[in-house]
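Colleague: Go by the hints and put chain B onto chain A.
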Amino acid sequence: MRIKVNGAEKIYFDYNATTPTDPRVAKVMMEYFTENFGNPSSIHSIGKRAREAVENARLEVMKLMHARESDGKLIFTSGATEANNIILKGLAMKAWKEEKNHLIISSIEHSCIMNSAKWLEKQGFKVTYLRVDKYGIVDLEQLENSITKKTFLVSIMHANNEIGTIEPIREASKICHDNNVLFHTDAAQSFGKIKVDVNELGVDFLTVSAHKMYGPKGIGALWIREGISIEPLIHGGGHEYGIRSGTENVPGIIGFGYACKLRMKEMHEEEKRLTLFRDHIIKTVTETIPESYLNGHPVKRLPNNVNIRFNFIEGEALVLLLDEMYGIQVSSGSACASHKPEPSHVLMAIGLRPEEAVGSIRISMGKWTTEEDVEYLLEVLPKAVKRLRDISPFKGKWEV
Amino acid sequence: MSNSQFYSKKVMEHFLKPRNYGRIENADAVGKVGDPSCGDVMWLYLKIKEKNGKYVIEEAKFETFGCAAAIASSSVATEIIKGKTIEEALKVSNKDILKELGGLPLVKVHCSLLAEDAIREAIYNFMRKKGLQIPEELEKRHEKIKARLDKTLEMHKKLGYVTGEN
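First to last, the sequence lines map onto chains A and B. Mapped onto this note's numbering, the consecutive letters of the first sequence carry residue numbers 284 to 683. Mapped onto this note's numbering, the consecutive letters of the second sequence carry residue numbers -9 to 156.
Errors might be hidden in some of the hints.
Under the rule of at most 30 Å between Cα atoms (straight-line distance), these lysine-lysine pairs were calculated in the BS3-like manner [unchecked claim]:
#	chain 1	residue 1	chain 2	residue 2
1	B	Lys120	A	Lys678
2	A	Lys666	B	Lys(-1)
3	A	Lys380	A	Lys457
4	B	Lys44	A	Lys680
It is worth saying that the hints were derived from the structure and are not from the lab.
For reference, chain A alone in the conformation it holds in the complex (with noise of 0.2 Å):
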């Protein structure tokens, strides 16, 4: 996909940070800001005219992750920063009064996760982060270990946002329900990229986020199984299952609504088609490139993810270089800030060194990355590492 920016040619390779709105979904949005305009919660033909759109598109939400109508409740929210955010905390309301205290979570969470939880901790609460594999795959045993009788959410990522790791959510359900503790998995990653069915994880809870997969930005849901009761942070005329009060993104959620739809249609063969791709870049880069590795799981990773660490140089210096000299947008996990050594959580996690972990990038891909785009990549990607490597005062090995 290319892109003008400035009267430069672009080439977009960062899907997993955001991905363009579908022009199919855009084009369905647009009535609902202009003609279509209603508050749902009005009880004339407008607001009636809206609350029935917004009422189908969540059914379109719960229907690519398998939901049906009888297995819990779809609650919208800003995304999925929120929807983590109320699950994390709406559930310590609740646990507090019954003397619960304790939360389960990996170390490799989202910071709207991690960041959550460290509030939580300040609070009071009891967080235990779970350690991964060199892969990032979560120690299953140490959550069995760990779940305690004040333990009352276990919240586990369905796929990694930095390395694309995707984990063992079914079994993780399977030890906490076998314990009585609820799960949670993040799936704003996976939903709309790999198969995401609710009584398959076996999970309680499930976020998930539109402007991932080609719908807009601002809009994501929470969704909460049968049964179980959640309090609510924000406070208002009862919207949403009484869970997230204020009027609705009417647009917002037609366009999430729909993006789903077509996800349900398309997301299959993309699939198929970007696991190509990966696994392409992934040995040719591995394979040509020296000291390069890949940071994740080879096998169990999203279909269009690829994170490498390349050696002796630093991430935001190439992902700067690839765009100004390739026109190449791809992501660092971080950079060097202030002296202080701040590299990303999720590659320390998995073993790495902080100047191994700041020499990593992330290249994701999507519905309009083309093989051209592809071999370009490969094509200009050692040349940039070639020139920094260049620069660096590192030949192959590390010295102080």
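Modeller: Chain B alone, transformed into the frame defined by chain A:
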């Protein structure tokens, strides 16, 4: 520009076309600063000639592991000190580097300090080798830089980042 997370045109220009990068074999002075686990390392090489009783920097080259700001700061530093006497070069500060770069984002200002450190360390190295009288200020600075590196390494050892031989 200095409050922005983005780089000035001048920074990008020096990052994309760095001046004087590479190694000088048989350099008269080398200044090595930073450490890899902090994300930036700068090695500065100097060729110094004696002219009319003054030591003049004839050639300066650098090798840097780090972000765009670190590379641009190194590039500018070599340009600034070339042709200067070592006394003049000792007066170059990170402010001169920042000025030349058109500023750096706040979180990247330390990169210009790293370049200043590299200049000091290279000249310290030269004066030591030549057996010249090292100014007290420079001696103190050298101790400070060394102590900082030791402290960082210590911290990283504690965190388990440093494993055996590097």
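Colleague: Evaluate each hint against the coordinates.
Modeller: Here is what the structure says about each hint:
For a cut-off of 30 Å, the pair hint linking Lys120(B) to Lys678(A) stands: about 29 Å separates their Cα positions. This hinted pair checks out: Lys666(A) and Lys(-1)(B) have alpha carbons roughly 23 Å apart, not beyond 30 Å. Of the supplied pair hints, the one linking Lys380(A) and Lys457(A) holds, its CA atoms being roughly 25 Å apart against a limit of 30 Å. Proposed proximity of Lys44(B) and Lys680(A) is contradicted: the alpha carbons are some 38 Å apart, above 30 Å.
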